[in-house]
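Q: Between the sequences and the hints, there should be enough to build the whole structure, so can you do that?
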Amino acid sequence: MHQMMAAVRGHRPERPGYYRLTLEAPQITGEAQAGQFVMIRCAPTLEPLLRRPFSIFATRPENGELEILYRVVGRGTQLLSEVREGSPVDIVGPLGHGYTLLPEARTIAVVGRGVGVASVFSVAQAARREGRRVFAFVSARTRDLLLAVEDLKRLGCQVEISTDDGDAGYQGLVTDLLASKAKSEGIGQVFVCGSRRLIRAAAEIAREAGIRAQVSLEQQMACGVAACMGCARLVGTPGNKVYKKVCKDGPVFWIEEVLD
Amino acid sequence: MGSQPNLAVNIGGIRMKNPVMTASGCYGYGLSYVDFYPPDLLGAMVVKGLYREAWRGNPPLRVVETPAGMLNAVGLEGPGVDSFICNELQQLREYGATVIANVAGHSVEEYACVAQRLSEAKGIAGLELNISCPNVSQGGMAFGTDPRMIFELVSAVRKVTSLPVIAKLSPNVTDIRVTARAAEDAGADALSVINTLLGMSIDIRTRRPRLGNITGGLSGPAIRPVAIRMVWQVAQVVNIPIIGQGGIMTAEDAVEFILAGARAVAIGTANFVNPMAPLQVIEGLRQYCIENNVDDINDLVGKVVIELGK
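From first to last, the protein sequence lines are chains A and B.
Note that numbering that gives the first Met the number 0 has the first sequence beginning at 0, numbered continuously upward.
Note that numbering that gives the first Met the number 0 has the second sequence beginning at 0, numbered continuously upward.
No lab work stands behind these hints: they were computed from the structure.
Quantities reported herein were computed from a predicted structural model and do not represent experimental measurements.
Some chain A residues flagged as far from chain B (calculated, every beta-carbon gap over 10 Å):
id	residue
1	His10
2	Glu13
3	Thr76
4	Ser86
5	Thr106
6	Arg142
7	Glu149
8	Trp253
Taking lysine-lysine pairs in the DSS-like style, the calculated list, with each CA pair at most 30 Å apart, reads:
id	chain 1	residue 1	chain 2	residue 2
9	A	Lys243	B	Lys121
10	A	Lys182	A	Lys152
11	B	Lys158	B	Lys121
12	A	Lys247	B	Lys121
13	A	Lys152	A	Lys180
14	B	Lys121	B	Lys16
Examples of chain A residues toward chain B, derived with CB under 8 Å:
id	residue
15	Arg40
16	Gln218
17	Met220
18	Ala221
19	Met228
20	Tyr242
C-beta: ideal position from N, C-alpha, C; glycine also.
A: See below:
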C-alpha cells in the first residue's frame, strides 16, 4: 500500500449529489484489485480530521489512473467535491481484501444499488478483461440516481435497470431481475453492494440457485489498515460469529458470512 | 553545518534512538504500518492492549469522528498475550523494532499474569499498564481513577517483572497528580500521560448514542491542550520520565509536550490521518533542535518558561 499526493485528472458531477473523481496514482493503480478501496483526506484541516474510505470504481493501469465514484454525504465529501482539476489529493491505498473471481464462473452477475454500483463496477471491469460474460443489475430510487449504466454498457455488460418509481427500467426490486437471470443464464457467481435489504434478497436468490455470492460492506473506519480495530462487523457462520475488520478482512466477504 | 543534535532518550531504562513513539491502540499490534516505513525508525512502538485470553471487544459502532478528534469504543479487542508472542512479536523482532507491550486485565491477578508472560518473551523492551481505558467495563479506568488501586496494581506487576513498567494515566480524574504519585510510589519507571477522555456523541435524527458502547474515548487534536496541561502538572510532582500523548500531529505539537515536561512523545490518532506522521515528527524535532541551537533534546524537557506575576 502507498500514501501519495495524487493529481486530480478529472472531477465532475455525475448525477445530483454524486461525483466522479479521476486521480493520477500509478503505484496504487498498478496494485489495485477489484473490490479494494482507498482512504482519501478530503481536506488538509483538523475538521474533518479522518480520511474517508472510497471504493475503487475503475482503474486504467495503462495511464496510471484510478476513478472514484462517490456521493456527497457530509462535510468531508462536500469538501472533496470542491477539489479542482490539477490539485493534489492525499490518498492511501490500495486497501482491503477484494473480490474473488472463481475460475469456473465464466458468466457472472453484479448487483448494485445507489452508489454501491461503484464497488461492483470494479469486478465487472476485471471480469470483462478476462473475457467473462457479465450481467449488471443497477438500481436506484429514481432515474436521475442511476449510476454507471453507460460505463457498464461500454464494458460490454448486459445491463438491466430498476427504479423504485418505475420511471426507468423495471419497477421494483433489482433482485427480481437477478432471480430471473439466475435461473436462465447459467450465472456462476454473484457480486453485490447495496443496502442490507438488497444483500439479504440477493443471498436468498444465490442460495436457492446454488450460486456463490460475495458482498462488499461499508463501515465507519478511522485508519483503513487494521490499526484501530474500529470497523468491526460480526462475520461468520450461524452460532459462530466473530468480529472481523471491514478494512482488512473485507470489505468483501462471502455473502452467507454477513447475514444477520 | 553544526553537528547533529542528540535525539536519544532513556525512558525508565528503555533506550530509544529518538523520543517519538506510537501510542497504544493506534498502531495495532505493530505490523499495520510496515508497508509505509521500517518500524525500527521509531523510538519505540506501544502495541495494543493485551489480555490473558483473546477478547472480543465492543459492538459496533466503534468509531465516530468529532470536531478535531474522534471517539472510539473498541473495547480492547485482541488476540490474547500468547497469540501476540507467537505471531506478531516474532515478526517485530525481525524488523528490529523497540516494542513496548500494553498490558490489560480484568483483575490485578490478570495484569500480573500478562506482565509475567511478556517478561518471559524475548523482544519486549518494556510494559505499559493500561489502567485508564474508558471502554472496558472492568479493569481499565476503574483501576486508573483510584490511587489505591493504582498502587496495588503497579506493585503487583513490579513484583513479577524486571522490565521497565510504564503506567498509562487516565485524564478522567479530578487531580492527575494524585494518581501519578501513586504509580511512582508503587515503583513505576515512567508514566504515559494521557489516555483518552471519556466522551459521548448522539445522533439527533435517531436520538440514539452513536457508539455501540454509548460512551467512548476522545482522542486527537481536540484533547491536546488538556494533555499538555496534565503533562505539566504531573511533571511538577514526579521524578520519573513522562511520555506525553494526546493529539500530537506535528513536531511543533511534540515540542510543546517536551517543554511541558515530557521526555518522549507518543503519536496516536495522527497515525490514522497521516501514516507518515511519526517520521515527520522525528525529522521535525531534529530541525527544531538545529534551528534553536539545541544540542540534546533532553535539555528541552520541562523548559517551559513561566513567569508568574507578569
